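Taken in order, these protein sequences are the chains called A and C. The first sequence begins at 4 in this note's numbering and counts up one residue at a time. The second sequence begins at 4 in this note's numbering and counts up one residue at a time.
There's no promise every hint is true.
Since the list can't tell identical chains apart, any single copy or any two copies may satisfy a pair.
Unchecked claim - For lysine-lysine, the following DSS-like pairs were computed, each having C-alpha atoms within a straight-line distance of at most 27 angstroms:
#1 K213 x K314
#2 K298 x K314
#3 K298 x K213
#4 K298 x K403
#5 K298 x K191
#6 K403 x K161
#7 K213 x K191
#8 K403 x K191
#9 K191 x K314
#10 K213 x K403
Keep in mind the hints are simulated off the structure, nothing from the lab. For clarity, every value in this text was computed on a predicted model and none was experimentally measured.
Given next are the chains, with one letter for each unit.
Protein chains: 2
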Amino acid sequence: MNRLEIYSQLALPADSRILYYVIDGLGGLPVTPGGPTELETADTPTLDRLARAGSTGLITPILPGVAPGSGPAHLALFGYDPVETLVGRGVLAALGIGFDLRPGDVAARINFCTIDADGNVADRRAGRIDTPVGAPLAERLDAIELDGDVECFVCHVKQYRACVVLRGAGLDGRIADTDPQATGVPPKHPVPRHADAEATAALAAQFIAKAGELLADQEQASGVLLRGFDTYRPLPSMVDLYSLRPAAVAAYPMYRGVARAVGMHVFEAADGIDGLAQATRDAVSEHDFVYVHYKTTDSRGEDGDFDAKVKEIENADRVADRLLENDFDVVMVTGDHSTPAAMASHSWHPVPVLISGGPCRADAGGGGFGETACLQGALGTLSSVDLLPLVLAQAGRIGKFGA
Amino acid sequence: MNRLEIYSQLALPADSRILYYVIDGLGGLPVTPGGPTELETADTPTLDRLARAGSTGLITPILPGVAPGSGPAHLALFGYDPVETLVGRGVLAALGIGFDLRPGDVAARINFCTIDADGNVADRRAGRIDTPVGAPLAERLDAIELDGDVECFVCHVKQYRACVVLRGAGLDGRIADTDPQATGVPPKHPVPRHADAEATAALAAQFIAKAGELLADQEQASGVLLRGFDTYRPLPSMVDLYSLRPAAVAAYPMYRGVARAVGMHVFEAADGIDGLAQATRDAVSEHDFVYVHYKTTDSRGEDGDFDAKVKEIENADRVADRLLENDFDVVMVTGDHSTPAAMASHSWHPVPVLISGGPCRADAGGGGFGETACLQGALGTLSSVDLLPLVLAQAGRIGKFGA
Chain A
4 MNRLEIYSQL ALPADSRILY YVIDGLGGLP VTPGGPTELE TADTPTLDRL ARAGSTGLIT
64 PILPGVAPGS GPAHLALFGY DPVETLVGRG VLAALGIGFD LRPGDVAARI NFCTIDADGN
124 VADRRAGRID TPVGAPLAER LDAIELDGDV ECFVCHVKQY RACVVLRGAG LDGRIADTDP
184 QATGVPPKHP VPRHADAEAT AALAAQFIAK AGELLADQEQ ASGVLLRGFD TYRPLPSMVD
244 LYSLRPAAVA AYPMYRGVAR AVGMHVFEAA DGIDGLAQAT RDAVSEHDFV YVHYKTTDSR
304 GEDGDFDAKV KEIENADRVA DRLLENDFDV VMVTGDHSTP AAMASHSWHP VPVLISGGPC
364 RADAGGGGFG ETACLQGALG TLSSVDLLPL VLAQAGRIGK FGA
Chain C
4 MNRLEIYSQL ALPADSRILY YVIDGLGGLP VTPGGPTELE TADTPTLDRL ARAGSTGLIT
64 PILPGVAPGS GPAHLALFGY DPVETLVGRG VLAALGIGFD LRPGDVAARI NFCTIDADGN
124 VADRRAGRID TPVGAPLAER LDAIELDGDV ECFVCHVKQY RACVVLRGAG LDGRIADTDP
184 QATGVPPKHP VPRHADAEAT AALAAQFIAK AGELLADQEQ ASGVLLRGFD TYRPLPSMVD
244 LYSLRPAAVA AYPMYRGVAR AVGMHVFEAA DGIDGLAQAT RDAVSEHDFV YVHYKTTDSR
304 GEDGDFDAKV KEIENADRVA DRLLENDFDV VMVTGDHSTP AAMASHSWHP VPVLISGGPC
364 RADAGGGGFG ETACLQGALG TLSSVDLLPL VLAQAGRIGK FGA
């Protein structure tokens with residue numbers, strides 16, 4: 004019996020309501036050895052209060068030493084083994100914009116790009132064309148018809164980004180990216196990574212050729228690059244696994260995609276404090292598990308801007324204060340991974356976590372919410388995948404194992 | 004996908020240089036409850052400085068409660084699952100003396116022993132005969148020829164110890180030890196532990212009989228005891244797994260054997276500070292990962308001599324100071340296991356570890372390098388097998404998982 008089956012069999016229905024607040028890229032690093040991290044520098048009265056009232060710890064997203072992408076990092080937070088449960092970015096993109104994917108569909112992300120007279124990629128993002136330009140082009144590609152009994156859908160995502168979905172019998176998404184990750188070279192062919200994917204790869208090549216013809220009149224968006232091919236295989240839903248009514252509040256499509264992949268009802272939030280607060284208020288009326296995603300902490304970490312990330316963490320703290328206006332029995336706050344400004348990238352460092360509400364042990368340190376204080380937290384250091392069961396237990400939703 | 008495959012796929016080439024310093028049996032125990040351990044008693048300015056500049060923690064060698072042998076403890080430090088990746092002592096002994104083992108060879112350790120007139124073992128180590136006596140006797144046994152198309156090699160190791168290698172088609176090393184671990188009883192027969200090993204066990208029995216004939220003129224070394232039979236199956240090399248150029252600096256054959264088993268280039272060091280320092284200086288010129296092994300801390304722990312182990316730890320600290328004369332980007336210091344003088348044996352207690360260099364979090368305690376201080380370290384308590392990936396990550400050699 005795998006761990007998901009164990010927890011699912013032990014899951015209890017309950018009236019408790021859970022806030023699952025994910026501050027993207029929350030964990031950080033000191034700029035000088037032994038100095039404070041971004042979180043330790045930020046003024047976070049609400050998170051500190053929650054930490055002192057509850058228990059803290061640290062979570063390792065995937066494996067020691069491994070910096071995760073946001074997709075697998077979130078799947079781990081939602082209790083799915085992130086190595087066994089890889090979901091391709093194409094599938095997450097399609098789910099993220101609310102496309103009604105069906106099992107067996109193959110999805111890939113599209114970047115509009117500029118192809119020069121020699122057939123080389125001149126700009127991998129087509130001069131970052133904006134949504135008013137990109138949306139009608141996606142609509143144009145949606146008319147493409149492919150050989151055989153295969154349907155083809157193209158949906159716009161944002162700016163120069165879109166996604167394509169193929170639907171038909173026997174499709175297989177084990178196909179390599181066509182994005183060469185460089186300019187001055189031609190796009191790659193959609194090479195099958197498995198013999199069973201040869202026919203699907205041929206259809207992808209046909210799609211790319213037809214897209215090129217339809218975009219021939221465009222100066223900037225004269226071609227497409229495809230990435231993150233995957234076959235949609237629905238995950239076991241959090242609804243079925245844990246008798247939850249889960250909802251997601253997220254401003255960014257990718258996170259809505261992960262949330263849909265695990266069976267959450269998605270509330271599309273406007274970015275910012277009021278947007279997240281309002282969508283959360285809407286969500287709590289009919290849902291007992293609300294995942295709220297705060298994005299821009301990660302963005303400022305990726306920028307390598309320590310001070311700007313500190314400010315975003317302070318903003319995320321104000322969001323927390325607003326979220327708590329609703330009546331939650333258990334509150335969990337963490338990040339999907341660390342994005343230290345000192346590294347300007349995702350990192351492998353464990354992420355601070357707090358659980359407040361329900362029966363909590365006291366931390367050894369008691370120093371509020373920060374990387375060093377959490378080292379002495381009652382939760383210890385655990386795998387991200389172990390977090391959801393702990394939170395469900397705090398909410399009275401996991402029963403006894405054995406008699 | 005197992006963890007070795009995951010890490011291997013994520014491995015990045017880099018220019019960084021790593022020191023991997025293993026102080027054998029480093030971990031200890033207090034003599035009085037709550038008192039200091041050997042490491043906490045020792046004056047270790049260099050290790051303390053590295054600990055304060057970096058992150059510390061504790062590693063569990065194999066599984067909680069399990070005292071490891073040096074072979075599996077080292078394999079875990081090198082990132083191999085020590086339970087799945089058992090390498091027999093016979094194979095490590097042959098590799099340790101530089102014998103050119105080929106896949107499918109079966110190797111075993113030889114102890115010369117004294118057999119009395121009744122055919123019983125009178126001394127399991129043949130009166131600890133010294134190398135000038137043992138070496139020519141090993142050469143004598145190297146002339147043994149066995150039935151069938153099987154080659155037989157005997158190499159001297161040290162004093163009363165040697166090893167035997169059988170080479171031929173279809174050999175199988177699943178054979179029980181012949182050492183009865185007692186005197187006054189006859190040696191055991193080389194019993195096959197698997198049906199496929201019956202023919203090889205018969206060859207081992209033939210070897211033992213012929214050795215007895217060739218040693219009939221000896222008073223002390225009148226027979227042989229065989230231990231640690233194993234078939235040589237090369238492990239995936241650290242070179243291929245991680246794009247490293249790894250080297251080992253070790254004075255003792257067994258550790259050179261483990262190093263060769265994982266693809267390291269071996270520098271044979273003279274024992275002591277100058278020997279290790281000189282060999283390390285030689286190693287860094289062409290290698291970017293240097294494993295240095297310090298042995299005698301374990302020996303004094305095995306002796307049950309607390310004060311002598313403290314002195315050896317202080318010596319190991321002086322070695323560290325010399326090793327740091329070279330230019331390393333990331334430095335890791337730990338032990339393969341604990342050897343508390345209070346127990347006079349290997350133990351299961353987690354071992355202090357420090358990583359210095361690269362993006363480090365601050366410890367909660369900041370109290371230098373010792374068992375109790377490391378409890379508050381930023382690395383937490385982890386499995387030995389997780390250590391190498393963390394060190395590689397600190398050195399910029401592990402990429403992102405998923406998008």
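Cross-check of the supplied hints:
| no. | hint | verdict |
| --- | --- | --- |
| 1 | K213 x K314 | neither (46 angstroms within a copy, 76 angstroms between copies) |
| 2 | K298 x K314 | within (13 angstroms within a copy, 51 angstroms between copies) |
| 3 | K298 x K213 | neither (36 angstroms within a copy, 68 angstroms between copies) |
| 4 | K298 x K403 | between (36 angstroms within a copy, 19 angstroms between copies) |
| 5 | K298 x K191 | neither (32 angstroms within a copy, 54 angstroms between copies) |
| 6 | K403 x K161 | between (47 angstroms within a copy, 25 angstroms between copies) |
| 7 | K213 x K191 | within (16 angstroms within a copy, 66 angstroms between copies) |
| 8 | K403 x K191 | between (53 angstroms within a copy, 22 angstroms between copies) |
| 9 | K191 x K314 | neither (41 angstroms within a copy, 62 angstroms between copies) |
| 10 | K213 x K403 | neither (58 angstroms within a copy, 34 angstroms between copies) |
This entry does not satisfy hints 1, 3, 5, 9, 10, going by the numbered hints stated previously.
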